[in-house]
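Asker: First to last, the sequence lines map onto chains A and B.
Residue 6 is where the first sequence starts when you use this note's numbering, and the numbers rise one by one after that.
Residue 4 is where the second sequence starts when you use this note's numbering, and the numbers rise one by one after that.
Keep in mind that the hints were calculated from the coordinates and are not lab data.
Do not take every clue at face value.
[What the hints assert, rightly or not] Below, simulated DSS-like cross-link-like pairs (lysine-lysine); rule was C-alpha separation at most 27 Å, straight line:
#	chain 1	residue 1	chain 2	residue 2
1	A	K14	B	K110
2	B	K22	B	K111
3	A	K14	A	K69
4	B	K206	B	K22
5	A	K14	A	K76
6	B	K110	B	K30
7	A	K43	B	K206
8	A	K46	A	K99
9	A	K76	B	K206
10	B	K30	B	K111
11	A	K14	B	K206
12	A	K14	A	K46
13	B	K110	A	K19
14	B	K206	B	K30
15	B	K110	A	K15
16	A	K15	A	K69
17	B	K110	A	K46
18	B	K22	A	K76
19	B	K111	A	K15
20	B	K110	B	K206
21	A	K15	B	K206
22	B	K30	A	K19
23	A	K19	A	K99
24	A	K99	A	K43
25	A	K76	B	K30
26	A	K15	A	K76
27	B	K22	A	K15
28	B	K206	A	K69
29	B	K30	A	K69
30	B	K30	A	K14
31	A	K19	B	K111
32	B	K206	A	K19
[Stated by the list, open to error] According to the in silico footprint, chain B covers these stretches of chain A (three or more CB under 8 Å from chain B):
#	region
33	27–33
34	82–93
A quick note: this is a predicted structure, and the numbers were derived from the prediction, not measured.
Even for Gly, the Cβ is constructed at its ideal location relative to N, Cα and C.
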Amino acid sequence: MAQEAKFGKKEIWKVFIFLSIVTAIEFVIAFVMGDNMKTIKNILFVVLTVVKAYGIMAFFMHLKFEFSNFKMTILVPFAFVVLLLVILAYEGSKLNLWSFLEKF
Amino acid sequence: MSSEAAVSKQNLWGGGDVKPLGASYGKIMMWFFIVSDAFTFSALLISYGLLRLSSPSWPDPDEVFHAFPFMGDMHLPLVFVGLMTFILIFSSVTMVLAVEAGHRNSKKEVITNLIWTILGGIAFLSCQAWEWTHLIHGGTTIYGNPYGPAVFGQLFFCITGFHGAHVTSGVIINIIVLILAYTGYFDRRVQAGEHDPYELVEKVGLYWHFVDLVWVFVFTFFYLV
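Okay, chain A solo, but in the shape it has when bound (with noise of 0.2 Å):
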């Protein structure tokens, strides 16, 4: 309710045609890319995912007309996320779970 904005029928539509214009990307760049740029590949999937959920949090859950006190309660945590993603990452690259894994 914080900053009453213009965002009626119009709006949500178009919100709506950008992401499913995005999926379709995605499902493109899926079909069309071929394996040996698998890197490239998955670096412009997390892109897209990105936008995608900066799509659907600022207007879908209606953040970005949201106090800025508010905007930053909400995003500043997820640093943490990033921090974990980070670690794992390093980790899962340098650890040999497969030996252990196998047993399962």
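For this one, chain A is given, so just place chain B on it according to the hints.
Answerer: Structure of chain B alone, referenced to chain A:
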């Protein structure tokens, strides 16, 4: 002087005159719940990343997820999960339309859009049930699978199952709000002159969009990457 103090004290309990977050108590708490739930999903997805990166081989998603109902053994990678993604994004749109109708106190539109949202949720769950059944009959269980390490199946069923449980509870909460709308709960709030009478729809909407948000990540990391 004393009455003034009493008034300002009451205002503080009602959120204070200057609301630092500019949102109601219920909405803030719904957001905090969503943040904590997002941490749970983050932990699951990051653990998936750890196990996948440490594993020397991993199943190719195009090979695992290539089936479509009534299409037999046709090779249609990503088509079914694309349909599921579309269903969930579309149900998110009808949910946000219900919230928007709530701001205009339009009961009829709220009900119509909530029904579409519930149908979308049920359609998504049905798709997931079909996909799980198909995979289990194809030999993918938590004990092993024909494509690669057993941990793939364990993580897949754990994470999509946890997400599916969220969709299920979202559908149930949406049905409760629909019943409230039918039985005139929001009409009474409008008549009582309450500020933002349809706020409950907005709170439930936040949860529903969160479920959609999680699916965006599950879709990328299980089906695309």
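Asker: Which numbered hints are broken by the structure, listed smallest first?
Answerer: Result: hints 2, 7, 12, 17, 23 and 27 break, sorted rising.
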